Every structure is written in structure tokens, then in C-alpha cells.
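**Student:** Work out the full structure, taking the sequences as your base and the hints as a guide.
Quick note: the sequence shown uses our numbering, first residue 1, plus one each step.
Hints were generated in silico from the structure; no laboratory data involved. Errors might be hidden in some of the hints.
Said to hold, decoys possible - Each pair of labels, with its calculated beta carbon distance range:
no., residue 1, residue 2, range
1, Glu210, Ala79, 54 to 64 Å
2, Asp165, Ala53, 25 to 35 Å
3, Thr132, Ala79, 32 to 42 Å
4, Lys193, Met1, 17 to 27 Å
5, Asn62, Lys206, 38 to 48 Å
Claimed, not checked - In silico lysine-lysine, DSSO-like type, Cα no more than 30 Å apart, as pairs:
no., residue 1, residue 2
6, Lys73, Lys46
7, Lys145, Lys73
8, Lys2, Lys137
9, Lys193, Lys54
10, Lys145, Lys168
11, Lys184, Lys137
12, Lys145, Lys17
13, Lys168, Lys152
14, Lys198, Lys168
15, Lys108, Lys137
From a predicted model like this one, the values you see are computed outputs, not experimental measurements. Heads up, the beta-carbon is just placed ideally off N, CA and C, and yes, glycines get one too.
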Amino acid sequence: MKFHVLPGDAQVEEFTKTGIEGEMVICREALIDGDVRAENLEEFWKVREEFLAKSYPESKTNYHETVVSQFEKLSDLPAAAEVNLWFEYELFCHVNMWFCVWLLRNSKAELYRVAPIAQTKDDTWSGFGGLTSEDLKECFDARLKFSDRDIKLGSELWTAYQDRDYSKLRELSTTQSACFPYLKEACEAEIEKEIRPKQVLQELKKDGVEDFGEMYAAFRERAGVYGFGDDQVRRLLTEI
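**Tutor:** Quick look at the structure:
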């Protein structure tokens, strides 16, 4: 049985058009934002639910029904299962993928990385955005299988991220793996996450940028490596 972990609801429509066989699992978390420390998975879900309810009260979603239930599809997979992780290159997706690899670290299923095909260097942080169903099929055809070494790396990256062990992240960021392109850039962005994004927004405000749409576009251009959505950028603006 095949599973496809998509990086968000935005990819569902085009993915459906591809005709690629398998069940969709929608990653609706933004683990780049907020506390992720917990002693076990049950506590982890509670920590995340409380953070999102406090930080984004306007969303008013049932966290377990909307988010946790998707991840639970990856529990108790049969040995013959195949899990395809469709994640982009920026930190937002890197962190979510690290978590998924950690979740699946003891699974007997085969894991594959499906990455976006960046047409130009400027498209690197655009991910799957704008890709057609034909493009997605091309991405799938070029997928890479996770080796045991890759799975170990992904699990260690998640643990270091969860513990805010930046020394370990720096060490892991130098690991060469085709399944983790732009790893060094992502880890460096994480290490600077509490400072650099706010600096960029402060620079934009100093330049006289007030319209949110214009500011968000400029932020993406200068700090696309973070992959922040408009919700994260709006929240950052309240903190500067």
C-alpha cells in the first residue's frame, strides 16, 4: 500500500490530477513555529494544540481531527507499505519532514523523498507552488529512497531541533545526503530563526513598506529559506 505525505492542502488538487496511486496524508502542522518539546508523543500533541490555540485563536480548528488524525495514518504500517514524503527545500518543510522521518524511524515501510523540481535558482524556495500535475509526476518519477543512514539522519535532526541543540544541528548540517538537499542552509536558518526574520521585517518597515501583501512578498524574497506562511509573518510583526 502506498502513502503520500503532502506538505499541505495546497498540493491536494494538483496531486489528485496526477493519478498516482496511494492514500494522501496531509501534513497540516507548522513545526517551525512554537514549542515542540515533550517527553512523549501524547504530550507533544497537547503542547502543539495549546500553542496553536493560543497563538492562532482565529483558526478554531479541532486539532486532533484536522492534524493528528493525518499523522495517525502512518501508525502500524504493514511491512509492504511505501511512504512517499513530498516536502520542499525550505526550513518549514525540512522540520516537518524531520518529524515524519522520526515518526517512521522504526517502521518496516519503505520511505521515499519526493522533492520539487526547481526550474531556476530563484525557484528554489517556491517548492511545489505553481507546479502542474505533470510536473508532480516528474517529481515522483525522480524520487529517492531513504537508506537506513538517511532515516537515522532525519531522526537525529528532529531530536536536535526538538532539544534546540544547535551544536548538534551544525554538526548534522554537514552530512551529505541526496535525500536532504539544502540541509546546511536550513540548519543555518534555524540557528538564526529568533533573530534574522525579525531583522528582515524591521528593515522592510524602515524602508517604508507598510502594505502586508508587499511586505510578505519582499520577506519571501529576502528570507525565502524559512518558508514562513502569512500567518507566521503576521505573528512576527506583532513581536517587533
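**Student:** Please verify whether Lys2 and Lys137 have alpha carbons no more than 30 Å apart.
**Tutor:** Given pair Lys2, Lys137 holds - Cα atoms ~15 Å apart, limit 30 Å.
**Student:** What's the verdict on Lys145 and Lys73, does the C-alpha distance respect the 30 Å limit or exceed it?
**Tutor:** 20 Å, holds
**Student:** Sort out whether Lys168 lies within 30 Å of Lys145, counting only the CA atoms.
**Tutor:** Given that 30 Å is the threshold and the Cα spacing comes to 25 Å, the pair holds.
**Student:** Checking one constraint from the list: CA of Lys145 to CA of Lys17, max 30 Å. Satisfied?
**Tutor:** Holds, at roughly 24 Å.
**Student:** Is the Cα-Cα distance between Lys184 and Lys137 30 Å or less?
**Tutor:** With Cα atoms ~27 Å apart, Lys184 and Lys137 stay inside 30 Å; holds.
**Student:** Does 17 to 27 Å hold as the CB distance between Lys193 and Met1, or does it fail?
**Tutor:** 37 Å Cβ-Cβ, so the 17 to 27 Å window is violated.
**Student:** Straight-line Cα separation of Lys108 and Lys137 no greater than 30 Å?
**Tutor:** 25 Å, holds
**Student:** Does Lys198 pair with Lys168 here, judged by a C-alpha cut-off of 30 Å?
**Tutor:** Holds, at roughly 24 Å.
**Student:** Per the hint of 38 to 48 Å, is the separation of the Cβ atoms of Asn62 and Lys206 within bounds?
**Tutor:** 41 Å, holds
**Student:** Just to be careful, I want the Cα atoms of Lys73 and Lys46 compared with a cutoff of 30 Å; is the pair within it?
**Tutor:** Since the Cα atoms of Lys73 and Lys46 sit roughly 18 Å apart, the hinted pair holds (cutoff 30 Å).
**Student:** Could you say whether the range 54 to 64 Å given as a hint is met by the Cβ separation of Glu210 and Ala79?
**Tutor:** Holds: the Cβ-Cβ distance is about 56 Å, inside 54 to 64 Å.
**Student:** Check the hint pairing Lys193 with Lys54 against an upper bound of 30 Å on the C-alpha distance.
**Tutor:** OK: Lys193 and Lys54 at ~20 Å, within 30 Å.
Going through the hint list in order, the structure does not satisfy hint 4, though it satisfies all others.
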